[in-house]
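Asks: Sequence:
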Amino acid sequence: MISQPAGTPALTHETEPPQRILFVEDDRKLSAFLCRYFTEQGYLVEAAHDGAAMRRALAARGFDLVVLDVGLPGREDGYVLARELKKERDIGILFLSARQDALDRIVGLEIGADDFLVKPFEPRELLARIRAILRRLPAGTARPRGEGRRIGFDGWLLDLDARVLRDAQGGVQNLTTQEFNLLSVLAQRPGRVLSRDQLLDLTVSRHWSPYDRSVDVMIGKIRRKIGDNGPEPRRIRTIRGTGYMFSPEP
Numbered sequence: 001m002i003s004q005p006a007g008t009p010a011l012t013h014e015t016e017p018p019q020r021i022l023f024v025e026d027d028r029k030l031s032a033f034l035c036r037y038f039t040e041q042g043y044l045v046e047a048a049h050d051g052a053a054m055r056r057a058l059a060a061r062g063f064d065l066v067v068l069d070v071g072l073p074g075r076e077d078g079y080v081l082a083r084e085l086k087k088e089r090d091i092g093i094l095f096l097s098a099r100q101d102a103l104d105r106i107v108g109l110e111i112g113a114d115d116f117l118v119k120p121f122e123p124r125e126l127l128a129r130i131r132a133i134l135r136r137l138p139a140g141t142a143r144p145r146g147e148g149r150r151i152g153f154d155g156w157l158l159d160l161d162a163r164v165l166r167d168a169q170g171g172v173q174n175l176t177t178q179e180f181n182l183l184s185v186l187a188q189r190p191g192r193v194l195s196r197d198q199l200l201d202l203t204v205s206r207h208w209s210p211y212d213r214s215v216d217v218m219i220g221k222i223r224r225k226i227g228d229n230g231p232e233p234r235r236i237r238t239i240r241g242t243g244y245m246f247s248p249e250p
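Just so you know, the working numbering puts the end of the sequence shown at 250, numbered straight through with nothing missing.
Any given hint might turn out to be false.
What the hints assert, rightly or not - In silico EDC-like pairs for lysine to aspartate or glutamate, Cα to Cα no more than 16 Å straight-line: (1) K119 / D90; (2) K119 / E46; (3) K29 / D50; (4) K86 / D101; (5) K86 / E110; (6) K225 / D154; (7) K225 / D161; (8) K119 / D104; (9) K225 / D167; (10) K86 / D115; (11) K119 / D26; (12) K221 / D161; (13) K86 / D161; (14) K225 / D201; (15) K87 / E110; (16) K87 / D26.
These are calculated hints, taken from the structure and not from any lab test.
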């Protein structure tokens with residue numbers, strides 16, 4: 001059984017609204033504890049105890065992350081529900097499971113889950129894993145697939161689902177995978193300063209190192225491709241000593 005940790009600092013949300021987490025867990029005592037604990041950390045939290053309740057909650061409001069118990073009773077276990085979620089919407093998924101077998105973890109990650117945590121666990125570890133997932137997700141609640149997540153700026157259209165950048169005439173600007181990921185992270189957080197370490201974390205790049213200048217090189221390439229490579233770039237601004245900020249024309 002998990003225990004309440006002492007002295008865990010609550011989250012603050014000075015610039016963004018609280019993120020929403022849905023716990024799908026048939027152990028009502030555990031789900032009540034998790035809801036209380038994560039509410040104290042500054043999140044908006046709800047609990048569902050089976051697949052039907054999960055669907056009702058998702059239909060009523062948007063969530064950024066679903067924490068799924070693998071061992072739900074009945075025919076709809078966590079794996080079944082995760083496959084359904086991934087078909088219908090872009091949303092973070094973290095599995096909780098009492099199973100110790102490495103194969104269960106592999107299956108969960110292959111389905112598309114962002115992380116897998118074995119019970120019993122420390123609440124602070126679950127908090128750290130959830131924070132890491134949410135840092136990698138776009139700002140705002142998850143959208144059903146097919147709604148078309150697009151960001152327009154200065155005559156450009158960034159299509160997050162099709163993963164293309166189009167100019168004012170509809171032509172496609174060629175971006176590498178890393179360039180698209182980096183531009184997407186910036187464009188989804190306009191007016192927010194992001195450090196190099198944050199950009200590395202949010203793009204989940206295995207090819208970059210915080211000890212080199214890869215982020216700066218990639219930013220330079222993106223600026224050239226979107227016509228923002230003048231002496232004073234205005235779309236992707238350099239915040240000296242800190243990082244970068246996406247600041248498109250209104």
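Asks: Does each hint hold? Answer for all of them.
Replies: Hint-by-hint comparison with the structure:
| no. | hint | verdict |
| --- | --- | --- |
| 1 | K119 / D90 | violated, 26 Å |
| 2 | K119 / E46 | violated, 20 Å |
| 3 | K29 / D50 | holds, 15 Å |
| 4 | K86 / D101 | violated, 23 Å |
| 5 | K86 / E110 | holds, 11 Å |
| 6 | K225 / D154 | holds, 13 Å |
| 7 | K225 / D161 | violated, 20 Å |
| 8 | K119 / D104 | holds, 13 Å |
| 9 | K225 / D167 | holds, 10 Å |
| 10 | K86 / D115 | holds, 14 Å |
| 11 | K119 / D26 | holds, 14 Å |
| 12 | K221 / D161 | violated, 22 Å |
| 13 | K86 / D161 | holds, 14 Å |
| 14 | K225 / D201 | violated, 23 Å |
| 15 | K87 / E110 | holds, 14 Å |
| 16 | K87 / D26 | violated, 23 Å |
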